[in-house]
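Let the hints inform the model, and build the full structure from the sequences given.
Given next are the chains, with one letter for each unit.
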Amino acid sequence: MPNQPASPLDPRWAAAPAGAPIQFVAAFPHARPAFAAAALVLAPSLLGEYWINAVLVPFLVLSLAGIGLNLLTGYAGQTSLGSGGFMAVGAFATYGFLLRTELSFPLALLAGGIVAALVGLVFGLPSAKIKGFYLMVTSLAAQFFLEWLFLKVPWFSNSGSSGTISAPHLNVFGWDAGTPAGKYYLVLACVAALTWTATQLVRSQTGRDWLAIRDMDTAAAVIGIRVTAQKILAFAVSSFYLGVAGALWAFAYLGSAGVQSFGLSRSFQIIFIITIGGLSSISGCFFGAAFISLLPLLLDFVSQTLFAGTLDAGLLQNAQKFIFGVLIIAFLIKEPEGIARLVARLRTRLSAWPLRF
Amino acid sequence: MRASTRLLLTAATALSLALGASAGFAAGEQYVPLPTYRVGPYASSGTLWWAGTIDYFRYVNEVEGGIDGVKIRYEEFETEWNTDRIVEVYERTKHGKDGSPVAFFFTHSTPASYALIEKAAADRIPLIDPAGGRTESTDGTVFPYAFPLLFNYYSQASTGINYIAQREGGLDKLKGKKIVTVYHDSPYGRETQPAVALLAQRYGFENIQIPVADPGNEQSPQWRRVREAKPDWVFVRTWGVSTPVAIRTAQRFGIPADRLIGDVWAGSEADVIPAGAAAKGYQALAPYPGGADFEIHRRLKKNIIDTGKSDLRDVKNFGSVYYNIGLVNAALAVEALRTGHRKFGNRPLNGEEGRWAFEHLVIDDARLQQIGFKSLLQPLSITPKDHEGGGAARIQQWDGSRWVLKTDWIQADRNQLRPLIEAKSAAYAQEKSLAPRQGE
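Going down the list, the protein sequences come from chains A and B. Under my numbering, read the first sequence as residues 165 to 521, first letter to last. Under my numbering, read the second sequence as residues 1429 to 1868, first letter to last.
Hint data in this document are derived by calculation from the structure and do not stem from the laboratory. As the structure is a computational prediction, the values presented were derived from the model and not from experiment. Each residue gets a CB set at the ideal place from its N, CA and C atoms; glycine is no exception. Take these hints with a grain of salt, some might be off.
[To be verified] Coverage of chain A stretches by chain B, computed from C-beta distances (three or more under 8 Å per stretch; other residues unrestricted): (1) 208-218; (2) 421-435; (3) 461-468.
[Said to hold, decoys possible] Derived DEER-like restraints, expressed as beta-carbon distance ranges: (4) Thr-1835/B with Ala-305/A: 43 to 53 Å; (5) Asp-379/A with Val-1669/B: 15 to 25 Å; (6) Ser-1809/B with Trp-360/A: 26 to 36 Å; (7) Lys-1834/B with Glu-213/A: 42 to 52 Å; (8) Glu-1646/B with Phe-486/A: 42 to 52 Å.
[Said to hold, decoys possible] Cβ-to-Cβ under 10 Å is the rule here; a few derived chain A residues that face chain B: (9) Leu-263; (10) Thr-265; (11) Asn-322; (12) Gly-388; (13) Arg-390; (14) Thr-392; (15) Gln-394.
Okay, structure coming up:
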């Protein structure tokens, strides 16, 4: 999977600071991020509730989960099929803290993330000895074990019927975040803070160590990187992100959730997000999440409005799956490194426009 | 670049055309979004189920001229029974369409009912999930917008026990009997456990619970345990592929099929036909009996099936259990809207009015006769306090080719189970700091 070397000559890195025409960037170095931030902050007043509740919030949470897995798989090179399980840990742990302590939501979320990190750390231990496919199988075991645990032990869901949990109160230091806009800002704040942290992390010594391990762990050990410790750290950090994403999915998006919300299909969904968006790219997670969560909606919308009533609904849905599958394949053939790479290339081209290179 | 620009333009044109084409709703219609699942793992049941619902809506629209003159404008959204997608559809449709409001939302999925319960309460839209949903939402004082109509999970347990008592010759004969429950190891499978435990304590039978892990296509260890227990009766609370496997494995271990009692979701044609001869004599709880001999089927056959207006792709499935579920659920909705019209006038209702309508829904024998659902649907009466209303089922038995109804409606002992439900809803209210609503 990780095939490009962690070299400063990597064209993506060279392209990264470019973006817009050079003079423009020089004059307004923060124009683009500022614009994006303003758009996201103003979203609730510009868009309807449907867009906030059903489109933006799940998109942001899935992006965050994508970042979590990307740190582990894209940066540290460790494969995992247990993302759903770690999300469940975050959700159930946050619920436990909300229920049994007086913590306000952000603190409970943080504590839930830390619990998920500890669990990730434990399930990361096998990575000291095994890699690749074998590691994937142990993470699969983690997924099944965690699902089973939350289903089997009613204590985790406070003996709620059907093992389902729902947030008792979404109070952020006294402010009620129960409204749609409140939940959205809560998610936005978490995702923004954690994305910023991730970008800093991957540029730090830790991030470089991870890349070195991903490219060749023997060589990394030779140059003095503590490979085992770094791998396990990657599992812990990744699980922290996934745990926070799981808790947000349960409490800020669905409102309540059971183990079935964090099944194996969720793990696969997150793997698709990082594969399509681009491994070892933070922005790629957002592109991937958008592709995975928004494209089916767009296809559904188009088919619903264009063909409603004229064609069989089941046929339409199957056609959508077909189109979605073809798009993924076509797209990965055209750009195996994901949307992030595509966007970077487009950017370099546009900055040199009208010249081709 | 150029090719992709062209593609983008084409897509944009298609989209704008689509937006133009969507206007076609007349005011004065009741908008009913349907989160269908004709694709995916549950397609075999979903296709029939939604066909039943749609056929009944078509019948009401075309033959009866709508509900008191208000036509139903239903719209399908494929969800594959995926909770995320159902939530998305709910968000997309909750404000109605082109001025026609939403009076209720069918979830037809216990996980989706859970996921939407708070949103729907905030948006004031009733969630309708007959014979499913969150058991404690039967308590309408805490859950004003959730309606697990007809037959909640506790009632399923109780009706099963009452049927066994009937066969054994009285509730006092249950003492010392062994009743095994083989259940799908999921929230759905575990949901009846508190009720069975309570009844076991009350009547003194031995309660043995044996889980089957999903998907359950190998059950020898479980049925060996059943065999060792030498049970008098076995509840089969499986789901999907695990039901036919359970029936066949039971036969292999020498447990007669007529000692097995399937629950609501283990009692359709899809559950017994794959089990072949082993299923002969298998019984199941039927809040929605199978068969095409009811009065409503005669009317539908004449007006919908024979005129080619049915949503069924294969008319052979007319009268199958899943099709009948769709019919009954649609009828419940139609009757509720009719109830609402009596108070608010003959016009489309919004969510709050929809709640009032469902909470005052009464369907008695005379009404069942009129709408042609006699024997197919139990008489029921919903109140603001009780969102289940029925709590009875018939027992049907598979004779090798079709379901035969063996009993009349067997009522669950709802008074006995109510404290369990109230304890759970009170815990929920406390967790959410809700003040239970006083009855109206």
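For each hint, the structure was consulted:
no., hint, in the structure
1, 208-218, "holds (count 4)"
2, 421-435, "holds (count 5)"
3, 461-468, "holds (count 5)"
4, Thr-1835/B with Ala-305/A: 43 to 53 Å, "holds (47 Å)"
5, Asp-379/A with Val-1669/B: 15 to 25 Å, "violated (45 Å)"
6, Ser-1809/B with Trp-360/A: 26 to 36 Å, "violated (58 Å)"
7, Lys-1834/B with Glu-213/A: 42 to 52 Å, "holds (50 Å)"
8, Glu-1646/B with Phe-486/A: 42 to 52 Å, "violated (33 Å)"
9, Leu-263, "holds (7 Å)"
10, Thr-265, "violated (14 Å)"
11, Asn-322, "holds (8 Å)"
12, Gly-388, "violated (45 Å)"
13, Arg-390, "violated (40 Å)"
14, Thr-392, "violated (34 Å)"
15, Gln-394, "violated (35 Å)"
Going down the numbered hints, you'll see the structure goes against 5, 6, 8, 10, 12, 13, 14, 15, while the others check out.
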